[in-house]
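Novice: Here is how the chains run, residue by residue.
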Amino acid sequence: MFGKFLLVILLIGFVSLSDAQKVFRQPIIVQGYLGMAVPLGQGQGIESGLTYNPYWRLPLFIGLDYTKIYSTKKYTWPEVGDYKYRTRVEFISPVLGGTFFRRKRVSISLGLKLDFVTSKGKLLTDNPDLTTYLLNRYEEKEENLSGFLHIHGRLIDQVSAFCRLSLIRSQITNIQGTLGFGLTYNFLSKKAPSTKKP
Amino acid sequence: MINKLHDFLFILCLGMLVSCCTSIDTRVAKGYPYGDDHELNFTRNFPLVKEGFKTPNQFISQKMGPNIPYFDNKDTCEKILKFFDSSCNCDGIDFEKYVIAWIYGSIYRAEGGMIEPRILINHKSKSYTIELRGSAKFCGFKNSYEMDEWCMIPKPPAGYSFNRKNLLPGQ
Numbered sequence: 001m002f003g004k005f006l007l008v009i010l011l012i013g014f015v016s017l018s019d020a021q022k023v024f025r026q027p028i029i030v031q032g033y034l035g036m037a038v039p040l041g042q043g044q045g046i047e048s049g050l051t052y053n054p055y056w057r058l059p060l061f062i063g064l065d066y067t068k069i070y071s072t073k074k075y076t077w078p079e080v081g082d083y084k085y086r087t088r089v090e091f092i093s094p095v096l097g098g099t100f101f102r103r104k105r106v107s108i109s110l111g112l113k114l115d116f117v118t119s120k121g122k123l124l125t126d127n128p129d130l131t132t133y134l135l136n137r138y139e140e141k142e143e144n145l146s147g148f149l150h151i152h153g154r155l156i157d158q159v160s161a162f163c164r165l166s167l168i169r170s171q172i173t174n175i176q177g178t179l180g181f182g183l184t185y186n187f188l189s190k191k192a193p194s195t196k197k198p
Numbered sequence: 001m002i003n004k005l006h007d008f009l010f011i012l013c014l015g016m017l018v019s020c021c022t023s024i025d026t027r028v029a030k031g032y033p034y035g036d037d038h039e040l041n042f043t044r045n046f047p048l049v050k051e052g053f054k055t056p057n058q059f060i061s062q063k064m065g066p067n068i069p070y071f072d073n074k075d076t077c078e079k080i081l082k083f084f085d086s087s088c089n090c091d092g093i094d095f096e097k098y099v100i101a102w103i104y105g106s107i108y109r110a111e112g113g114m115i116e117p118r119i120l121i122n123h124k125s126k127s128y129t130i131e132l133r134g135s136a137k138f139c140g141f142k143n144s145y146e147m148d149e150w151c152m153i154p155k156p157p158a159g160y161s162f163n164r165k166n167l168l169p170g171q
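Chains as they are written, first to last, in the numbering used here: chain L, 1 to 198; chain C, 1 to 171.
Isolated chain L, as found in the complex (with noise of 0.2 Å):
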């Protein structure tokens, strides 16, 4: 519900973008993200971040990205019952990246991101035969190196629309990669010089 939600508001923000030539005068210095995460498998997530740009001349910024991907099933073992599994997969990812077209109402970001994999399953059934049969309880961590794509949509100077393709490199599951979408908020440089000729 929540994610089809957004999902409209995020359309509706990026049909809006017509201008998208606009050019904003302060530049943002730090976003703060906040989104759902689809994964290119299965299952739903969140998406969040943030990133800090320390010298507004220079494109590049550096950041911390969390991504939460999650899914609980329920499923039938014949003539042992039913039960429900619970799977989690948590990345935490410091990011390095550089932004193009900073000051237009689109930008795109590109970069590489550390990931600190962590992925979790629990059986949530309390029955004896499944906790014996099934592996009831697992947790594996990795780290890995990958890269994402992040289109950002400015609607108001605070507030902007992202769209972020995340790619994944893990041994430890099967997600290639994320499609996230949300809204982040901006927080702007004051010291910025105008873009308006004198």
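Calculated from the structure, these hints are not laboratory results.
The calculated DSS-like cross-link candidates involving lysine-lysine, where the alpha carbons are at most 27 Å apart (straight line), are:
id, chain 1, residue 1, chain 2, residue 2
1, C, K165, C, K142
2, C, K30, L, K84
3, L, K73, C, K97
4, C, K137, L, K141
5, L, K73, C, K124
6, L, K74, C, K124
7, C, K124, C, K155
8, L, K68, C, K30
9, L, K122, C, K30
10, L, K73, L, K120
11, L, K141, L, K120
12, C, K155, C, K30
13, C, K165, L, K73
14, C, K155, L, K84
15, C, K30, L, K74
16, L, K120, C, K30
17, L, K68, C, K124
18, L, K84, L, K122
19, C, K97, L, K74
20, C, K126, C, K165
21, L, K74, C, K155
22, C, K97, C, K30
23, L, K104, L, K190
24, L, K141, L, K73
25, C, K30, L, K73
26, L, K120, L, K68
27, L, K122, L, K141
28, C, K97, L, K122
29, L, K120, C, K126
30, C, K74, C, K155
31, L, K68, L, K122
32, C, K126, L, K74
33, C, K30, L, K141
34, L, K120, C, K124
35, L, K84, L, K141
36, L, K120, L, K74
37, L, K141, L, K68
38, C, K165, L, K74
39, C, K30, C, K124
40, C, K124, L, K84
Model, not experiment: these values are computed from the prediction.
Fit chain C to the given chain L structure using the hints.
Specialist: Chain C only, in chain L's frame:
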């Protein structure tokens, strides 16, 4: 002079062999993958028979899917095993819940290695899979590494398709 040349060539060949070594590891973490496949617990090297005793594949007519011999009742189990050794028995196995399967595989032309079987069940596609993964180092030497063990595995539900996936290195 010839001796020195011989030594040089020997060391050169040895160096080439060592430098040509490649390691392949197809093992994955427990619980992999993130999907509808669920990994099952099972007992490896189940002490069904005396140490060092192997039951040849061809003596067990009952096969699980593609060529995995197994016992799913005590009578068959003891009848066959006692034919080879009277001290063998199948006591203490709940055949309502488990079967005894002979899981085997080989890594060819490897310089040592290990085989790690996994058992996966998928209730969406109604399949039961014995997956063989492992790690090995491949050098110029041509040895092989084998695994054949009796394993006590959860009884596959009736009507499920049975698969054997060979994901061993070098195959």
